[in-house]
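S.K.: For the record, the sequence lines run as chains S and Y.
Residue 821 in full-length UniProt numbering is what sits at position 821 of the first sequence, and the numbering runs on without skipping anything.
Residue 292 in full-length UniProt numbering is what sits at position 292 of the second sequence, and the numbering runs on without skipping anything.
Because the hints were derived from the structure by calculation, they are not lab data.
Please read all numbers here as calculations on a predicted model, not as lab measurements.
Careful: at least some of the hints might be erroneous.
Said to hold, decoys possible - Under the rule of at most 20 Å between Cα atoms (straight-line distance), these lysine to aspartate or glutamate pairs were calculated in the DMTMM-like manner: (1) S:K772 to Y:D429; (2) Y:K58 to S:E786; (3) Y:K20 to S:E791; (4) Y:K36 to S:E776; (5) S:K758 to Y:D429; (6) Y:K307 to S:D745; (7) S:K758 to Y:D437; (8) Y:K20 to Y:D342; (9) S:K155 to S:E791; (10) S:K752 to Y:D342; (11) Y:K58 to S:D745.
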Amino acid sequence: MSKNESSESSESSDDENKIDKLNSFISSLDTKRKRNNDNSLENRKKKRIQERTEAYEESEYNLTTRESGSSKKKVDYQDLLGAIQEETGFSGLKQKLASLESGGNKGSYKQPLPAPLPKRIQDKLNRQAAYEETKKDINKWEPIVMQNREAEHLKFPMNPVPHYQPTNNTLTGNFQPSTNLEKEVDTALIESGAKEKDIQKFEELQLSKLSVEEIIARQKELRRMRELMFREEIKAKRIAKIKSKTYRKIKRKEREKNKLSVEQFGDKETIKEEQMKLESARAQERMSLRHKNTSKWAKQTLKYGANDKSSQHAIAEQLKKHEELKRKIHDLNSDEDSDYESSSSLLSNNDGDQKEDKGMINTVKEKVFDELASFEMKTREEEEKVIPKGILGMKFMRDAIENERKINKGLIDDFVEELENENFSGSDNDDKNNNQEKQQKIKNDDNNNNNNNKIFNGRMKIGAKKKSNSDNSNNLNNLNNLDDSDDLDNLVIEKRPVIEVINSDSKKDDKKDDKKDLQSEQNKQNNDESQNKNNSNNNEENPWLQIDTTVTSKILNHKNNKRIKSSGENKSDKLISKTKKHQLKNQIKEDDVEIDVNKTFTIITTATTTQIVDNQDKVKESKKKKKKNVTSNNNTKIDKNLSDSNNENDETIKNFVHVKNSTAFSHRELVARAFANDNVVDEFVAEKQEIIQEDEPKEKDVTLPGWGSWIGKGVKQSKQKKKVVIKPLPGEGVEAKKRQDAKLDHVIINEKRIKKTKKYLSTDIPHPFETKEQYERSLRTPIGNEWNTREVFQKMITPRVITKMGCVIDPLNVPFQTTNDYADDDNED
Amino acid sequence: MANETKETIEEMIDNINVTKYIRPAEGNLGTKKLKKIKKKGLRSTLERVEKRSEDAAKKAANYEILLVEEPGFLEAEGIEKTFNITQKKLKENLGDEVTSLKIFDLDLKTFGAYSLDYTRNGRNMIIGGRKGHLATFDWQSNKKGCEIYVKETVRDVKWLHNELFFAAAQKKYVFIYDQNGLEIHKLKNHIEVNKIEFLPYHFLLVSVGNAGWLKYQDTSTGKLVTELRTKLGQCDVMAQNPWNAIIHLGHTNGTVSLWSPNMSTPLVKMLTHRGPVKALAIDHTGTYMASAGLDGRLKLWDVRTYKCLQDYYTRTSVSSLSISQLGLLGVGWGPHVTVWKDAFKTKQKSPYMNHLQEGTQIQDINFCPYEDVLGIGHSNGISSILIPGSGEPNIDSLEANPFQTKKQRQESEVHSLLDKIQPEMITLDPTFIGKVDRASREMLAKERKEEEEGLKNGSKKQESRNRTRGKNNSLKKYLRKKQKNVIDERKLKIQQRIEKEKEARRKKRSNDEIDDNKPSTALDRFTNKNRKIY
């Protein structure tokens with residue numbers, strides 16, 4: 001409080017008198033003392049000067065004012081300058097002092113400046129700072145260095161200046177005549193006006209000479225054309241989008257009408273012909289049943305001809321036809337259907353009118369003749385054209401084909417004759433029947449023709465054809481049925497009808513009635529047969545059943561042969577004999593089955609298996625023979641040859657049989673064993689055992705006998721005595737279970753280390769890799785050009801650094817922008 | 001949609017092709033596994049390696065476009081069977097003259113059963129008649145190379161690295177002839193050899209004979225590399241595995257043993273038959289082996305797993321086997337040759353082709369490389385028959401070039417010599433080179449120690465060798481080389497002479513001593529001590 005007062009008084013003292021000054025001075029002296037007292041009691045206490053108990057030796061070195069007990073007491077600068085505080089007129093000095101005291105502008109003074117650090121530490125700090133700085137600086141190089149380090153190849157110079165290749169235009173454009181000659185030429189050109197620019201100008205002028213009207217007209221024309229095209233296009237698009245079937249049908253009919261109308265310009269006959277053509281095509285389709293996939297032929301081809309291209313093609317065609325027909329049936333409104341209706345109505349009309357009928361027959365005849373003629377043409381053409389390759393090219397095959405063709409020809413001739421005779425035949429009904437029959441025959445002929453055609457397509461199957469004997473008889477039956485009922489739809493004509501059918505049919509027309517009963521019987525039998533066959537086919541996997549089939553087929557064939565030979569005999573007798581044989585065959589079949597059941601006779605059974613193939617071959621052969629018999633007896637020679645060759649094959653097959661079942665050949669094994677060294681296996685096993693034991697890791701006993709033990713009479717060997725044993729090293733020897741051949745009884749694999757190959761192996765995994773797998777994977781792709789494509793090879797052998805000869809390689813440029821940012825980012829992190 | 005499916009199918013096909021070219025390796029390194037690897041450098045190198053191998057496989061698959069030719073097999077129509085088609089029929093129906101010329105017979109009845117061999121490019125053929133007839137020819141152009149009559153038994157013939165040299169196992173030794181039939185070498189180490197083989201990449205001529213010794217001779221350096229005792233008696237069945245150059249021997253006790261020149265014992269021993277093994281063949285990929293024995297079995301093996309794949313029965317014992325480049329198996333038995341297709345994959349019910357060489361015994365059959373031809377050596381000469389689809393249709397001219405010119409042959413000879421593989425590299429797995437040794441650390445340490453010790457001992461021995469130069473006269477040498485216990489006249493004489501010499505030397509020394517005892521004079525320097533007669 002008093003201090004405040006004093007300060008106030010001191011402030012106001014400037015204006016007052018000198019007396020006041022003096023007063024204040026005195027009072028200030030008092031306050032100072034007072035203030036010192038106020039500061040602290042301790043200070044007050046300290047200020048109490050204690051008595052000096054010890055005397056100092058006074059000297060110039062003992063100037064310090066020391067007080068006993070407090071070493072702190074030093075002369076302060078406040079002590080020296082404290083007086084000035086109160087004084088006025090020292091403001092400048094005071095300020096300086098204050099600044100000194102605080103160590104800055106403000107605050108209070110705490111401690112004096114520290115002593116400079118030792119140089120060593122100072123330098124270290126400097127270095128650290130410098131490091132930080134340089135790091136920041138260097139960081140900008142990091143990405144590019146990384147990039148180069150990770151690159152597979154480095155090519156120096158890094159960014160070569162692209163080589164400048166002047167083009168023709170630039171050369172001509174920038175051309176300045178420099179030499180005298182050039183200048184001369186230039187001036188000459190300018191004078192004559194033959195410079196490039198001049199010529200261009202001239203051409204432009206010429207173009208502009210066309211009249212405006214002309215140009216406009218041309219443009220108009222072009223525009224019109226474009227417009228029209230565009231419209232047409234749009235229209236076509238719209239029409240193409242229409243999905244309506246009726247619309248399409250209408251369109252189609254229209255088109256056909258147009259076509260007919262075009263033809264109408266010719267004459268009416270042509271139209272009729274056209275209709276007839278359509279009609280007959282349809283009938284043919286229905287007769288041939290080419291569209292159905294249920295026929296035997298189709299089944300066979302599907303079964304066996306899967307790999308044959310031509311048969312695949314045939315099947316595809318058939319399926320297509322079938323699809324078409326189906327569509328017709330479903331689509332009631334289809335035009336074809338209506339056509340059919342109309343034609344049928346036409347037919348009925350014809351039925352009513354006999355004259356018309358005759359005319360119809362005539363047309364049909366004409367058609368038949370036409371077809372025959374066309375067929376002949378075809379065959380002749382084919383004869384000329386095709387020289388068949390492969391098996392078909394062989395002589396006997398060609399002969400066979402030739403013979404078949406001859407027979408066909410003969411048949412056709414017969415048929416033509418008959419047809420011609422028919423003009424003079426009796427009742428209409430008979431006529432009709434006959435006619436239908438004839439048609440049938442024609443169909444047959446056609447099929448035969450087809451067959452021939454097929455032969456040329458390379459799809460002939462001699463064996464298969466003759467196999468279907470039952471089919472033939474079926475066919476025959478069907479023909480007979482046809483006589484009873486004129487139903488066309490019931491008629492089934494085989495895809496591959498066989499000549500004999502036609503033979504019998506044509507020759508023995510008159511005897512039909514007598515045979516009917518018998519044939520029906522035979523039909524039954526045949527059905528049975530076919531059933532059996534089917535069964536056997538189903539069980540083809542079973543070799544034993546296969547035997548049956550082959551045997552039966554063989555018998556069948558035999559039978560067939562006989563039948564053909566006795567073609568002149570009465571058919572009824574033939575059929576009776578057939579039935580007998582059938583019974584016989586059944587018996588044989590049963591016998592065979594018995595053999596099957598008894599599987600213990602492995603020798604016999606295997607023999608039969610070998611015979612299977614033989615039989616099959618023989619069957620084939622017999623078929624061939626049969627064919628030859630039918631056709632001509634001239635080819636016996638070839639037959640002989642063939643049979644010889646076949647026998648060869650038979651033999652080869654007989655002698656080389658694969659082992660089907662290990663138990664099946666047990667007797668063979670026994671025989672083999674009898675001849676072989678009996679103890680071969682035992683020896684091998686013993687050897688293996690020996691090797692296994694040898695290779696097993698073993699402990700080695702290296703105790704010195706007698707060492708460390710008492711010797712003498714009555715001394716017992718202590719059991720606790722330690723044995724010195726060397727244990728096998730890890731990886732030394734192979735345990736029996738871990739051997740490579742542990743699970744292979746018939747194999748001994750050497751487990752010893754091959755020391756000579758050691759030099760090609762690495763003892764450790766090389767540097768960057770951590771596991772064997774990683775390292776060995778890196779080795780797996782060979783580098784040589786024998787194992788790689790050129791491109792890969794070149795890539796693999798390119799060195800990491802490629803330098804161009806004679807090129808100066810500049811140091812890396814500082815990549816300023818990006819790298820600075822990068823460095824900053826790093827620092828922030 | 002359609003396009004998509006098409007693409008996927010194409011991709012699949014591509015993948016199939018690529019997988020064919022990817023090299024096998026232990027373990028797998030998928031992207032997941034790669035990502036788990038923490039070391040950046042390692043990861044990047046592994047990635048690079050993987051990418052590179054993948055790339056190589058893809059590129060190789062792409063190069064299949066260049067394989068223009070496709071193998072064609074006989075295909076039967078309908079019930080026709082391929083094995084019924086005889087060579088005669090085939091010849092009749094062949095379109096071109098050139099191929100039909102490949103069916104031929106050489107009637108050589110006088111010189112007995114023939115063995116034959118084709119060069120690696122299939123261009124040249126050598127035939128060796130048992131009774132001493134050797135002939136070489138360029139069989140495709142019908143040019144005869146040389147023809148010699150050696151007047152002794154010829155058991156086997158083999159071409160060496162090209163058509164300039166061939167080896168013949170004769171009555172006692174193996175001989176090497178050049179293209180003119182000039183005898184170049186008589187290999188005295190190979191005695192009574194029954195079968196010879198040539199390893200083209202190693203330049204090794206391998207022989208095995210009556211004594212059951214398997215011998216490897218380097219034909220480029222002439223060094224006998226190894227002689228291995230089979231300990232299984234006489235051996236006349238040998239085949240090489242072209243993939244790893246392992247020699248397979250068929251023995252009389254029904255075993256087949258696999259040999260490498262680096263092991264004194266067989267690497268693998270398989271009990272294949274109960275009777276003696278009669279014929280062996282190995283396909284060029286080194287995966288399949290066919291063996292036939294006197295027990296009437298023809299067995300097909302997977303050589304990688306040593307498992308029997310198929311087991312066929314043969315009525316008469318098989319005399320020769322051969323596997324073509326495309327995997328057709330030819331079997332010669334009696335007068336027949338049967339060829340089986342896809343025999344290794346599935347059990348065949350009927351052969352692919354048959355051939356009967358009437359009135360003969362088949363001795364040796366060999367498929368001709370790069371041609372659809374099978375050469376048959378039999379007791380009446382040589383026949384060549386067509387087996388469609390047997391030879392590789394696409395040639396690799398770096399490997400074997402059927403249309404090689406002289407210059408190319410010379411080039412390839414030099415190259416193959418430069419690329420010659422050392423015999424030490426013959427192991428069951430030829431890809432072992434550079435891999436990590438699987439032996440344990442301890443074992444490796446032990447081996448190293450032994451090696452070092454061996455080295456030390458060896459060097460000591462060399463140091464301690466006492467070489468007393470000049471004390472080795474011819475007489476002493478003679479005595480030393482002679483057997484100690486044999487005492488003949490000459491030996492006694494020599495001993496006497498040596499004694500004499502000794503005596504003389506002793507005398508001389510004593511004389512010298514006597515001389516030394518005399519006081520030396522000034523004139524001594526003029527005396528010639530050597531001229532003294534003792």
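S.K.: When the structure is checked against the list of hints, which entries are broken? Sort them ascending.
M.R.: Violated: hints 10, 11.
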